[in-house]
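Student: Top to bottom, those sequences are chains B and S.
Per the working numbering, residue 1 is the first one in the first sequence, and the count goes up by one each step.
Per the working numbering, residue 1 is the first one in the second sequence, and the count goes up by one each step.
A hint or two may mislead.
[As the list claims (entries may be wrong)] Derived Cβ-Cβ restraints for the label pairs, each shown as a range:
1. Glu188/S to Ala22/B: 58 to 64 Å
2. Phe283/B to Arg132/S: 37 to 43 Å
3. Arg197/B to Asp207/S: 37 to 43 Å
Keep in mind that the hints were calculated from the coordinates and are not lab data.
Here a beta-carbon is modelled for each residue, glycine too, at the ideal position from N, C-alpha and C.
Okay, here's what each chain looks like letter by letter:
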Amino acid sequence: MRLTPTDWRNLALSGMALAFAACLPWLFGSYALSIGVTIAMYTVLATSWALFSGPTHYISLATAAFFGVGTYVTGIGIEHLPYWTLLPIAGVIGAVLAALVGLATLRLSGVYFVIFTLGLAEFIRQVITWAQNVSGTKGIYVLTSITEAHIYWQLLGLAALVYLLGWAIGRSRLGFALRIIGDDEQVARHSGIHTARAKILLFLVPGSVAAITGAILAPRYVYIEPSLAFAPMLSFQVVIMALLGGTGRLWGPLVGVIPFTFLWEGVSITVPNQTTLLLGLSFLVIVYLLPKGFVGLFGTIRRRMGSEGLV
Amino acid sequence: MSATLSLRGVTKRFGGLVAVNAMDFDVMEHEVLGLIGPNGSGKSTTLNLISGALPVTSGAIALRGSPITQLPAQDIARRGIARTFQLVRLLPSMNVLENVMAGAVFGHRQRWGYEAEAVAQTMLEKVGLSGRGHMAVGQLTYIDTKRVELARVLAGEPRVVLLDEWLAGLNPTEMEVGVALIRALRDEGRTIILVEHVMDAIRSLCDRCVVMAAGAKIAEGTPADVLADPEVIRAYLGDDDA
Chain B
1 MRLTPTDWRN LALSGMALAF AACLPWLFGS YALSIGVTIA MYTVLATSWA LFSGPTHYIS
61 LATAAFFGVG TYVTGIGIEH LPYWTLLPIA GVIGAVLAAL VGLATLRLSG VYFVIFTLGL
121 AEFIRQVITW AQNVSGTKGI YVLTSITEAH IYWQLLGLAA LVYLLGWAIG RSRLGFALRI
181 IGDDEQVARH SGIHTARAKI LLFLVPGSVA AITGAILAPR YVYIEPSLAF APMLSFQVVI
241 MALLGGTGRL WGPLVGVIPF TFLWEGVSIT VPNQTTLLLG LSFLVIVYLL PKGFVGLFGT
301 IRRRMGSEGL V
Chain S
1 MSATLSLRGV TKRFGGLVAV NAMDFDVMEH EVLGLIGPNG SGKSTTLNLI SGALPVTSGA
61 IALRGSPITQ LPAQDIARRG IARTFQLVRL LPSMNVLENV MAGAVFGHRQ RWGYEAEAVA
121 QTMLEKVGLS GRGHMAVGQL TYIDTKRVEL ARVLAGEPRV VLLDEWLAGL NPTEMEVGVA
181 LIRALRDEGR TIILVEHVMD AIRSLCDRCV VMAAGAKIAE GTPADVLADP EVIRAYLGDD
241 DA
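If we strip away everything but chain S, and leave its shape as in the complex, we get (with noise of 0.2 Å):
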């Protein structure tokens, strides 16, 4: 089985600081990958360097065989890259079908008219948000703006699904309604990275971990042999625990 997405020694140097050191993961077709790893240690820069967000220093990443290195953005996300943000970002001058309707009509598959509405009504309804097309973004709650980032995410049928924290921030209920929204997609098949502090949210999502730290990768494996590796141990807690 050849991988959907490839990095190869993906590097990104700001300057003198190495915020990403020749990483090397592979993502299958239909799988979640985990990307973990302590704060600071370059799991969002890799998901800027995958989307064309940061240009990479060097190595190559490859979707589908074909490489993606050195396109902008907006190229990365018409073969079918698409992502959420850190901090939500939603288009405010817009009402949330609108929002959804951005990823259907410029997406990997894109779409116009009646048929990118009736997409983004049916991802408005897989993320449990039918009927609220008209509202404002300015009215929703924040697990909601969640939603339809990620309805937006979705609309373009994207290959690969990027998540940089998107649990992050939610409370416990939220927690709940958002792991078993992420696990709805796993279910139909897609290929996701997520990039996660959540550790129960990793241990039931994730088929495969891979776990970085100060910019490199330390370990990779199945969510449970990853957390009980001493070394991905120490890197969180520091030596004396480990």
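Next up, chain B with everything else stripped away, as it sits in the complex (with noise of 0.2 Å):
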């Protein structure tokens, strides 16, 4: 299908954000960078969360394995092989760990997976762990020159990288079978869909991008341990950041992350173990206030304006 002049408006305008989002490091301090790659990280993670779980509906709590994989990918790696090629290896593994979980799972019910994904942090951890103790080896150190601003110009070319995807999906077959399947499953396999591949098939988009985020960070950490790698808080967030701003729309997930972070940031300056609290009241705002995230908020008050003739 051709491109619409709304199309070509929306890459423009999303060409020009990225352009300036990829100043911030000449415009601001250190701490703005740091904040910068917090933000950039969790965009790419709940954006493409999103892609798969917004249509289908499945919670996926697995971004923590397929994100340690690939900061281990590195971590070992880093002493073998150029840098560069670390990227594409990590997103390679973390899309077949995604359709092995994909195929073993994703033929069961909702519930199912969800278990599953949240063991499967744990239970690579505990393998990576068991190696480790029989080897005899602590940590590994990722020792590079790559600076806080190479870390943050990478994670924004990986978010181009995601929405285009995305916005290629939205249009393609693959996304219309998955707003069908997301409508009325039963609808889809009558239709002609093969649910269980559609569903896989998407799967793989962020099992590939945690990993590859996960190895794009690991220089950032310098030390990493298993427990750092795949702790599965990061699982939650993404899934918090990615309700909270609404998995209907592309851009829904940054709308969540932006205030989110700032929030995180705030609350573990002030009160550094009411961390876990403010997790568990967004999620009860999120169930109780937003279920449509701030996504549905914004059409809800656009619908009632436009009712009363103000737009």
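Each chain sits in its own coordinate frame; assemble them with the hints.
Tutor: Below, the structure written as structure tokens:
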């Protein structure tokens, strides 16, 4: 299908926003840059998460698993391979892992999938811990000349890729199939859609993207160990941010990531032990007040104003 | 003439209950076959077995000679068997046109882009909904939701159309419209299996009927013949009236 003028306008606006975001390291200080890295990281994770979970309504808690695998790809690989090869390798490993998880669980109902994905991160963490105990090593040092700004730019590039991919999927047969599956899986099957195949294909996206994100961020941690790389908190943060923003639109998760990152940062500084409380409260807010996230809220406001003749 | 769709000894067991017992029948090309019988006789289950919604326990189903017995629903749909549902199933987040496009994009004949949209528009015209493509499915009247579902089924250009009590729940005026619509499909030469309770519709629409009772076939023939069959009358009304 050809691009409409609206598509061109949206592409131009996104390009300008990206260019502006890319200037952040020169415009502001190092604290702003570290917040920028956090926002870029969660934007990538939450947007790719929503690409899968938005249409299918499957809540994946596997982000930490893929992310951790990615950090270990860099941690182990940096000694032996040039850095630029590590990101695609992480992406492929993430995709293969996602395909295995998908084949094993996506034919089952949603609940099994949630539990399995939560267990997956813990499982891989335990395996690596066990391997370290056997081999006698502790953590891994990732010493590179990669700066915070480099990490930030890589994440921005990855975010641009994720948005382009999400946009392309939305216009494709796969995207249409997923909307049908999200509405009524039985209709989807009887219309000729391979529902399991479509879901597995789509699950490769968050799997691969989260692994690449982990690979990009490994140099920032300097020292990686299983409890850091596979922290289950990451999976929950991504879910909360994506749902807070709303999964109905491609830009939805971004609207959740930005305020949540600042809130998280504020709570971490003032009352550092209450971050879990923040996570719980945010979850309550989403369930009771914002079931469709900020995206849904904007839609409601727009409709109200429209019906009163204001727009 | 070889059969478009044939069932041989098709059986479905739910634990100890035999819902469909050794069903044998053929559907010829361009034929409208009525599948009738009292409530609970296994008509809808038979339709679910043909469309792949339920796995067959034993027996064989073939479409134009090639077996489809153990295929999943999506493969059966792609081979060209499309169905409506007893309780209408539309896609609530999409408008009328997109609902119909679902059939055009993934059905037996697959299209994409403007071509799929054009097919969907044509189908909407055919079922009498031209110009309503932009409407939300929540705004539709009951018969219109049935029309949308029928348009979605037709949009994939299936070889066989399965209609599961498509006329049920319509008021007398809507019934006339509905019967006229199915007659139009019949006149186009479509192959249709009709599960139906409305006797007038069966008489005027079906070339042939298969009558089921308690999961088994008890009669087969023209509507007039089977409806006069004492065994069929007994199945519907009980022994005293036969």
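Student: Each hint should be assessed against the structure and marked as holding or not.
Tutor: Checked hints:
no.	hint	result
1	Glu188/S to Ala22/B: 58 to 64 Å	holds (59 Å)
2	Phe283/B to Arg132/S: 37 to 43 Å	holds (41 Å)
3	Arg197/B to Asp207/S: 37 to 43 Å	holds (38 Å)
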